[in-house]
Amino acid sequence: MLAAVFEGEGKLALRDVPKPQIAQDDDVLLRVEAASICGTDVHILSVPPGHPATPGSILCHEYAGEVLDVGPGVTTIKKGDRVVVDPNLTCGNCVYCRSGMPNMCENMTTLGIFMNGGFAEYNVAPAKALHRISRDVPPEIAVFAEPLSCVVNGTQKVRLQPGETAVILGAGPIGLLFTQMFKASGAGKIIVAEVLPLRARYAKESGADLVVNPKNEDLATIVKRETEVGADVVVDAVGSLLSDAVGLVKRGGKVLIFGMNQHARPEVKQFDITRYEVAVLGTYIAKFAFPMAVKILESGVIPVQKLITHRLKLSEVLEGFEAMKNGEAIKVVVSP
Numbered sequence: 001m002l003a004a005v006f007e008g009e010g011k012l013a014l015r016d017v018p019k020p021q022i023a024q025d026d027d028v029l030l031r032v033e034a035a036s037i038c039g040t041d042v043h044i045l046s047v048p049p050g051h052p053a054t055p056g057s058i059l060c061h062e063y064a065g066e067v068l069d070v071g072p073g074v075t076t077i078k079k080g081d082r083v084v085v086d087p088n089l090t091c092g093n094c095v096y097c098r099s100g101m102p103n104m105c106e107n108m109t110t111l112g113i114f115m116n117g118g119f120a121e122y123n124v125a126p127a128k129a130l131h132r133i134s135r136d137v138p139p140e141i142a143v144f145a146e147p148l149s150c151v152v153n154g155t156q157k158v159r160l161q162p163g164e165t166a167v168i169l170g171a172g173p174i175g176l177l178f179t180q181m182f183k184a185s186g187a188g189k190i191i192v193a194e195v196l197p198l199r200a201r202y203a204k205e206s207g208a209d210l211v212v213n214p215k216n217e218d219l220a221t222i223v224k225r226e227t228e229v230g231a232d233v234v235v236d237a238v239g240s241l242l243s244d245a246v247g248l249v250k251r252g253g254k255v256l257i258f259g260m261n262q263h264a265r266p267e268v269k270q271f272d273i274t275r276y277e278v279a280v281l282g283t284y285i286a287k288f289a290f291p292m293a294v295k296i297l298e299s300g301v302i303p304v305q306k307l308i309t310h311r312l313k314l315s316e317v318l319e320g321f322e323a324m325k326n327g328e329a330i331k332v333v334v335s336p
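Just so you know, we're using this note's numbering here: the sequence shown kicks off at 1 and counts up by one.
Think of the hints as simulated: they come from the structure by calculation, not from any bench.
Computed from a predicted structure; not experimentally measured.
All C-beta atoms in this analysis are idealised placements derived from N, C-alpha and C, irrespective of residue type, glycine included.
Check each hint, because a few of them may be wrong.
[As the list claims (entries may be wrong)] Calculated cross-link-like contacts (lysine to aspartate or glutamate; reagent style DMTMM-like; alpha-carbon spacing at most 20 Å):
#: 1; residue 1: K306; residue 2: E205
#: 2; residue 1: K183; residue 2: D209
#: 3; residue 1: K189; residue 2: E228
#: 4; residue 1: K306; residue 2: E140
#: 5; residue 1: K250; residue 2: E226
#: 6; residue 1: K250; residue 2: E205
#: 7; residue 1: K325; residue 2: E33
#: 8; residue 1: K11; residue 2: E226
#: 9; residue 1: K79; residue 2: E33
#: 10; residue 1: K128; residue 2: E106
#: 11; residue 1: K11; residue 2: E205
#: 12; residue 1: K295; residue 2: D81
#: 13; residue 1: K306; residue 2: D136
[Stated by the list, open to error] Cβ pair distances, simulated, as ranges:
#: 14; residue 1: L68; residue 2: Q270; range: 25 to 31 Å
#: 15; residue 1: V268; residue 2: P303; range: 33 to 39 Å
#: 16; residue 1: R311; residue 2: P55; range: 46 to 52 Å
#: 17; residue 1: Q21; residue 2: K204; range: 44 to 50 Å
#: 18; residue 1: F288; residue 2: G73; range: 42 to 48 Å
#: 19; residue 1: T75; residue 2: G100; range: 41 to 47 Å
#: 20; residue 1: R251; residue 2: P52; range: 38 to 44 Å
#: 21; residue 1: R265; residue 2: R201; range: 19 to 25 Å
#: 22; residue 1: S134; residue 2: E205; range: 22 to 28 Å
#: 23; residue 1: V229; residue 2: N261; range: 27 to 33 Å
#: 24; residue 1: K215; residue 2: L68; range: 27 to 33 Å
#: 25; residue 1: K78; residue 2: R265; range: 46 to 52 Å
Take the sequences, apply the hints, and build the full model.
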């Protein structure tokens, strides 16, 4: 079968590889129907890399497929099911897993990063990683389950209420999913900060009431003007803007840090967090959020299809990576 294989620093190659086979009792053989490029995939291929991955592995941790066969121990999934994949495989035995925090698992590994993932015609995944989704949901929509589950985890932490205001820093795919989720939750006003014109346009289409380019305008002044006292919730979807976020939130408000940048060292005025009782919350991948993400996609309550800018064949996946790197794409969906 054709697959996109990570060959080491900065190298992704299309190769013919053996079709995977069921080897364990809990294995499920999938025909990959759709896969999408994540910002993490782009970081993996950066030089130097911004995220680790196993050389020789098939990339892509955002994918959906049809069940072709199951191992003898599988009882929750059957042939013909359409499924989405939770790629983060946890041990279930460490102190964090046993404490109800599987996203903090000490022994986690990930399909599509450290193990073979979705940029291939077929994939084998353990049954525990799979969630059924209605066949009424097109594969290119189902593929949003993984990133959406991460956003659901974050939205559950801040619990934005109808009428409250939100500021989202960064309008990449994650920032845009937060925009759509907050809109569906009844946000009174959503302000998105974004410097790239393409992403700014998609922010408006995703429900932002105001889109600000912080290079050209003073974001803090605009947020104060629009909210009087600051935003109820501020999301840093970039991963390096904590100090900005603290300056934009109201007293007693919530700052959610989603984006990840190991090299970010923002200077934060800690006094403001204490004096104004600002809640600063980190959020990492999904935590029991996949069932909710599936329900959201099945309901159609948020317009994720608006975020798809490229629909490509697997043989064209390298073009998709170039579009992502050059800021010419929001979501690239690949059909193996």
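Hints versus structure:
For the given pair, K306 sits about 8 Å from E205 by alpha-carbon distance, which is consistent with the 20 Å threshold. For the given pair, K183 sits about 10 Å from D209 by alpha-carbon distance, which is consistent with the 20 Å threshold. Taking the CA atoms of K189 and E228, the gap is about 12 Å. The hint holds against a cut of 20 Å. Distance hint between K306 and E140 is fulfilled; the C-alpha atoms sit about 11 Å from each other, no more than 20 Å.
Under the criterion of a C-alpha separation no larger than 20 Å, the hint pairing K250 with E226 is consistent with the structure, at around 12 Å. With a CA separation close to 26 Å, the supplied pair K250 and E205 exceeds the 20 Å bound. Between K325 and E33 the CA atoms are separated by roughly 24 Å; this puts the pair beyond 20 Å, and the hint is violated. A C-alpha spacing of about 46 Å is found between K11 and E226, which places the hinted pair above 20 Å, so the restraint is violated.
Note on K79 and E33: the hinted pairing holds, with a Cα-Cα distance of about 15 Å set against a maximum of 20 Å. Among the hinted pairs, K128 with E106 is consistent with the structure: their alpha-carbon atoms are about 18 Å apart, no more than 20 Å. Restraint check: the Cα-Cα separation between K11 and E205 comes to about 34 Å, which exceeds 20 Å; the hinted pair is violated. Under the criterion of a C-alpha separation no larger than 20 Å, the hint pairing K295 with D81 is consistent with the structure, at around 16 Å.
Taking the CA atoms of K306 and D136, the gap is about 18 Å. The hint holds against a cut of 20 Å. Checked against the given bound of 25 to 31 Å, the beta carbons of L68 and Q270, roughly 54 Å apart, lie outside it. For V268 paired with P303, a C-beta distance near 35 Å keeps the hint of 33 to 39 Å intact. Between R311 and P55 the beta carbons are some 29 Å apart, a value that contradicts the proposed interval 46 to 52 Å.
For the hinted restraint 44 to 50 Å between Q21 and K204, the CB-CB distance of approximately 47 Å keeps it satisfied. The hint said 42 to 48 Å for the Cβ distance between F288 and G73, and at roughly 23 Å that hint is violated. At about 24 Å, the beta-carbon gap between T75 and G100 misses the expected band of 41 to 47 Å. Evaluation of the 38 to 44 Å hint for R251 and P52 yields a pass: the beta carbon distance comes to about 40 Å.
Hint check: R265 to R201, Cβ distance near 32 Å, so the stated range 19 to 25 Å is violated. Between S134 and E205, the C-beta spacing of about 25 Å keeps the proposed range 22 to 28 Å intact. Between V229 and N261 the CB atoms are about 29 Å apart, so this pair conforms to the stated range of 27 to 33 Å. At about 50 Å, the CB distance of K215 to L68 disagrees with the hint of 27 to 33 Å.
The supplied range of 46 to 52 Å is met by K78 and R265, whose beta-carbon atoms lie about 50 Å from each other.
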